[in-house]
Amino acid sequence: MATASSVLSTIQQVESISNEILSTVSALDPGAALPVGVIVAIEGLANTALAAWSASSGTPITVESVHALLPNPEPLSPPAA
Amino acid sequence: MKRIFMITLAALSLVAIVGCSNWERTTYQTLAASQATINQAQADYQSGTIEQTRAAYTAINSAKAAQTTAVDTFVAYEEAKAAGGTAASLTAAQTDVTVALANLPTIIANVKALYIATGGK
Chain A
21 MATASSVLST IQQVESISNE ILSTVSALDP GAALPVGVIV AIEGLANTAL
71 AAWSASSGTP ITVESVHALL PNPEPLSPPA A
Chain B
1242 MKRIFMITLA ALSLVAIVGC SNWERTTYQT LAASQATINQ AQADYQSGTI
1292 EQTRAAYTAI NSAKAAQTTA VDTFVAYEEA KAAGGTAASL TAAQTDVTVA
1342 LANLPTIIAN VKALYIATGG K
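First to last, the protein sequences are chains A and B.
Residue numbers for the first sequence follow the numbering used here, so the first one is 21 and each next one is one higher.
Residue numbers for the second sequence follow the numbering used here, so the first one is 1242 and each next one is one higher.
It should be emphasised that the hints constitute simulated quantities derived from the structure, not laboratory data.
Glycine is no exception: its CB is placed at the ideal position from the N, C-alpha and C atoms.
There may be inaccurate statements among the hints.
Stated by the list, open to error - What follows is a list of derived Cβ distance ranges for each label pair:
1) A:ALA53 to B:ASP1313: 20 to 28 Å
2) B:SER1288 to A:ALA47: 42 to 50 Å
3) B:ASN1263 to A:VAL56: 14 to 22 Å
4) B:LYS1243 to A:LEU70: 45 to 53 Å
5) B:ARG1295 to A:LEU90: 41 to 49 Å
6) B:SER1330 to A:GLN32: 17 to 25 Å
7) A:PRO98 to B:THR1327: 27 to 35 Å
8) A:VAL60 to B:ALA1328: 45 to 53 Å
9) B:GLY1325 to A:GLY57: 47 to 55 Å
What the hints assert, rightly or not - Simulated coverage check for chain B against chain A, where a stretch passes if three residues somewhere in it have a Cβ under 8 Å from a Cβ of chain A:
10) 1264–1278
11) 1293–1302
12) 1315–1326
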């Protein structure tokens, strides 16, 4: 039987992972001399992630809604040889 | 003594249920955020915002694979829960999900690095 401490530990692990992901996509090193285009793209990426985080806060969690979290199934174009 | 045992058992069950709900919600939101990030990176790769190099191709495909694995384990958890799985089986399924999720931060960092490597287009 799961103990209270093991259950809380699992929650803390997932919270730690989610914090790390969100901070990774949001962080922009102020000392890095990045082109404006890169900054705009990275900010767009962060906004996309944070918007998805917020939007999913009220989604009913079912087998179907979890399955919908699979990535885009379209294959990437292979790079030029 | 029996009363104390029953109260303790009820308290642990409550922690497991509440903890399960918190865990499920945080897991769901985490996977929603990572899905959005990976899908955006794919779109940016296809559009050329991320340079279409072998490294980028590999990194994004690795990200998609990691996301798929994490989602599949979460689906398995929800299926077990819907089928009335035991606390032990649900705990094991939770562990599987948490282990799969642990790969995502590094994966996401690698995807973000593709934008910096591209140098802006």
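- Item | Unsatisfied constraints (hint numbers, rising) | 1, 2, 3, 5, 7
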